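There are 2 protein chains.
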Amino acid sequence: MNDTMNTACTVKFLPHDREVVVEKGDTLIRAALQAGVHVNASCGGGGVCGKCRVRIEEGTVAGGVSERLDSAEVEQGDRLACLARVEGDVTVRIPVESSVDASVLNQQVPPRRTASITKVDFESLKEEGLFLAPVEKVYLEMTPPDAQNNMPDVTRLIGELQNKADFHKLELTIPFIRKLPVVLREDEWKATVTLVRPVREGGKTLITNVQPGDTTATNYAIALDIGTTTVYAQLIDLTTGSCLGEHGDFNGQISYGEDVITRIIYAEKGEGLQTLQRVVVATINKILGRIFKETGIDKDNISTITIAGNTTMTQLLLAINPSFLRRAPYVPAATLYPPFNAASIGIDLDEHALALVFPQVSSYVGGDIVAGIMGTGLYQNEELTLFLDIGTNAEIVIGNQDWLACTACSAGPAFEGGGIEFGMRAAPGAIEDFLIDPITWEPMIVTIGDKRPKGICGSGLLTIAAIMFEMGVINNSGKFNRDLDTDRIRKRNDIWEYVLVWAEETEIERDIVLNELDLENLIRAKGAIYSGCVTLLEEVGLPMEAIDRIILAGGFGSYIDLEKAITLGLLPEIDAERVAYIGNGSLLGARMSALTNRIRQDVVDVTRKMTNFELSETPSYMNNYVAAMFIPHTEIEQFPRVKERLEARTR
Amino acid sequence: MNDTMNTACTVKFLPHDREVVVEKGDTLIRAALQAGVHVNASCGGGGVCGKCRVRIEEGTVAGGVSERLDSAEVEQGDRLACLARVEGDVTVRIPVESSVDASVLNQQVPPRRTASITKVDFESLKEEGLFLAPVEKVYLEMTPPDAQNNMPDVTRLIGELQNKADFHKLELTIPFIRKLPVVLREDEWKATVTLVRPVREGGKTLITNVQPGDTTATNYAIALDIGTTTVYAQLIDLTTGSCLGEHGDFNGQISYGEDVITRIIYAEKGEGLQTLQRVVVATINKILGRIFKETGIDKDNISTITIAGNTTMTQLLLAINPSFLRRAPYVPAATLYPPFNAASIGIDLDEHALALVFPQVSSYVGGDIVAGIMGTGLYQNEELTLFLDIGTNAEIVIGNQDWLACTACSAGPAFEGGGIEFGMRAAPGAIEDFLIDPITWEPMIVTIGDKRPKGICGSGLLTIAAIMFEMGVINNSGKFNRDLDTDRIRKRNDIWEYVLVWAEETEIERDIVLNELDLENLIRAKGAIYSGCVTLLEEVGLPMEAIDRIILAGGFGSYIDLEKAITLGLLPEIDAERVAYIGNGSLLGARMSALTNRIRQDVVDVTRKMTNFELSETPSYMNNYVAAMFIPHTEIEQFPRVKERLEARTR
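The listed protein sequences derive, respectively, from chains A and B. All residue numbers for the first sequence refer to this note's numbering, where the first residue is 33 and numbers rise by one. All residue numbers for the second sequence refer to this note's numbering, where the first residue is 33 and numbers rise by one.
The set of hints was computed from the structure by calculation and includes no laboratory data. Bear in mind the structure is a predicted one, so any value in this text is a computation, not a measurement. Where hints are given, some of them may not hold.
Copies of one chain are not kept apart here, so a pair can be met inside one copy or by any two copies together.
Stated by the list, open to error - Listed next, the in silico DSSO-like pairs over lysine-lysine satisfying Cα-Cα at most 30 Å (straight line):
{"no.": "1", "residue 1": "Lys56", "residue 2": "Lys483"}
{"no.": "2", "residue 1": "Lys44", "residue 2": "Lys675"}
{"no.": "3", "residue 1": "Lys211", "residue 2": "Lys301"}
{"no.": "4", "residue 1": "Lys222", "residue 2": "Lys301"}
{"no.": "5", "residue 1": "Lys641", "residue 2": "Lys196"}
Can you make the complete structure from the sequences, with help from the hints?
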């Protein structure tokens, strides 16, 4: 038996009598969270506070023993839920003192549910015949020249290519001609040429490289995503479609500004643009260097680099003044960019490696989003799909094979932990999960990496707010219920707040709180996104219910607890199985376009089809926004499941 | 009256009773040469030897007085012919002592006759509608973007271009996009774009530059000829067709080798290729710098640079390994070169300036020759034309609108003064003209710049040898007549020679001689060229008489005394008016292609049509060569006029 196959364990919680299936090795506290079972826990899962004591009634767990438990307690089966890891099927009793009375056991929030992770099936691409990279290698054996036949090398090569296949409109470059004479004579007139297929049938085929001998088996591409925060690259084998290496790093431009606006401002000063261009190229080269080192692949075999980034990142990479992106009426330099030699902008690839850049739709719907649309194939489907990439800006695309509408809304950085008093990036110590005891109002805190809490990350914020709303701790305006009997809700500096973790249990030695300003920011953020979707749909005359499917992209999407997002009114009510998470959509698109030339053909039409709406210029947007400034929404009817749960709780 | 209009003067020589029309200001000695009248003169025309005394019988001359003449002589009208300049119609008597008796006065060689200089008529190009440069500027006034219409800058520009004219397949570059956002906003959305017309109708138009405001009136090109010895550039106004500035300089590569073979050998070592590339670019930049300084023209308005050079010069400019050009089977890297940014190879032009390079036919028939063919329009004419560019290599093209055959033959450097004991380049002090007294065998020497003699230039060599042959000083094998009564013919180091100038009358203080080895070299050179022509014609089944017209190109052609060239058997017998000299054909072609886009279209077909013959691989060549190793030829019947003169002399 393969052990790794047998990792599903059932955990049963008493007295709730609720079962959940988890992976072997998961902690009991995460199992409890998944089951919606509250266990007091304030230290984030580090075994420090000792509050999360539970008793193992059947089965076994690994670990969970701590100095907080004496040997008699351990003997009885007591463990700390944050330290105990599931080994097999197990039954766990939440002790009376850390539980709630039976009457509230049914007041449960929906179980945690994240979007299913969707991976592109490159095998089916192959079967559909779409797996035809923009570059191909062709091996040629030529007759050596002699006195009777001493035509130029290029003429000989082209003749052979035209013999071998129907390459009739061939273009080549000076650097290619420079290589040719020596390479052809290196292995007795046997050589491999790299051809860039035309975008459309009948177009010109560009010859970019020539290598001695038969190198058709080693043809690679780089897929590159340039994010404002992080840069990722993958090395793709163009023969098999596999990713042979991948690395990411922070975009070195971060030192010059956290977001696109501050970068643009920096670029406007003196040599700022050149500096930012150089810095992001340095990041790219660092990442590529690591990939090459790790895979041992020769740079000469990298034929293309496909690049996706938002409009600002793209313009900065290409050293195109981004000034007009941040000034009304927000005009980007270009939609489509021509292919160019990657080396010409400093990317450490051989002279022949061709850079293909994803087009931009507008100043705030950029190549990263277009890449996501291309990577998911959204533009080919009948189903009406909402594509959502949430960061500081949220980009929204709605559409199907017939039409595509898009917009960007300034969600603010709440989902990235910004503008929140104790907000932080999703890093160890960030509170990422939460429950609250409906009697004692004590929290259950789980942090990333099970470390002592340092702050709240975006998805944690979403969960905390949703749970608080469902449990009546905050109302639909994000105001705390002043009547609850707990010292955790308090007013400080005239602002109401809830203490998530007392100072002594934190890493930062200050009370970690969530206050009403944080909640206001969160509501503004989710309101902006939801009303953005509503407005786009209204512009095409459709209601929110028309959406068949949601695709979440970006780092944030993977952590979103879908039901919580619905509870808050960030996402419309939709079955979880109709929500897919694609991870880094930009990188996915870059990889897809490295592998299938059809993307280059389709992207021109898709970009043309993507109707961009500037929300600030769409009159209905402000009304929709105001209506969305409640949890979940002014019109609760848009969220029947949430409404039902609220009514159940009230009963 | 405009004085400059009235410059033709008639000079009558007595006792010969021969008249010649010269330009006002010409010296009497050059008038005499032109008339075929011998005047003893050995110092080259510097008034040193005093041998060229003549008497003015009617009219006046300026100058000609020297310490060699006493006042009584001057009073009588005596002057030194080398110093006296024609002021008006004049009658001159050659004194008895420096003349010959009447019986030989009729033994004259044909008067000096150079090819007529042909200039391309750019006005007629305009009228034919061919004056349509590869680049054009188009002025656009765009609607500024606003909130309702904030399409990308490129999209706006292209929209306006498509409104204005039928530009439908537009291509652009990253550097262009880089300029666009700022330039469009510099003069309120009024801007001028530079477009590179497609080579063929229906092809893509490339947008290379954008400038604020209306700059359509300032659109310039550089025409560049890269010769092995010299580099020339012209600045061409693409609106009027005029040449606004021109400069030339020695190709800096000369320090690394005088001819293409030594350059190729240098390029094969270490960083040799890179060095030679850098050095020729430095020469180009020096020349361009001078032109820009002189004309005050802004580099930003230079839209193209059209480049013509031989195959080696072209490959060195583009840093393409030239090694295989000098090794059998003599294979060039490419025929056609794609357009590229001139700045990318270091040429000091703005990033947008597009370089267009003339194609190469073979290793030894290069872009300079193709440029000459394009510039003369030879490929469009019905007449069968022989195009001849003589240097170390002579390139020969024969053909018309239906077919073109070409070859190169290694003429050796005799015509450039190389391989000749006292050979030198055509520079001041070089003997360029010559007559010989058929009684005394004393020479008449005229040098370039009327300086004391230093050596013999190529055209001087041709003239000396032809005169000597016609006067019976040498026989048809180039051997001196040992029987002549003159101390000027002597044997030294076992080699027969003729003393052209005694040491004391030279600048170099050595006897300047022409010896039989020099004559051998000359005969080999002319024989190679003539037999090259014969062989090409034989390959297409035509006799030499089929040639309707000769076009001479290259520095040498302008000085060739046509009748002398025919006498020697370098050129076939043809009326002088059917010989045209085009000067620097390479530069002419470069200029033409800067001005008329049709050249780019035609050149592809012309290059394809130009059938190259490797003489070494053409069996009949060696026979033809051997037959041509006599003056004028083994078959004197091929030169009936020469034959007749020889017979007249013998009688």
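Structure-based check of all given hints:
1. Lys56 / Lys483: within (21 Å within a copy, 104 Å between copies)
2. Lys44 / Lys675: For Lys44 and Lys675, the Cα distance is within 30 Å only inside one copy (29 Å; across copies 123 Å).
3. Lys211 / Lys301: between (41 Å within a copy, 17 Å between copies)
4. Lys222 / Lys301: between (53 Å within a copy, 25 Å between copies)
5. Lys641 / Lys196: Classified as between: cross-chain Cα gap 25 Å, same-chain 38 Å, threshold 30 Å.
Checked against the numbered hints given earlier, this structure breaks none of them.
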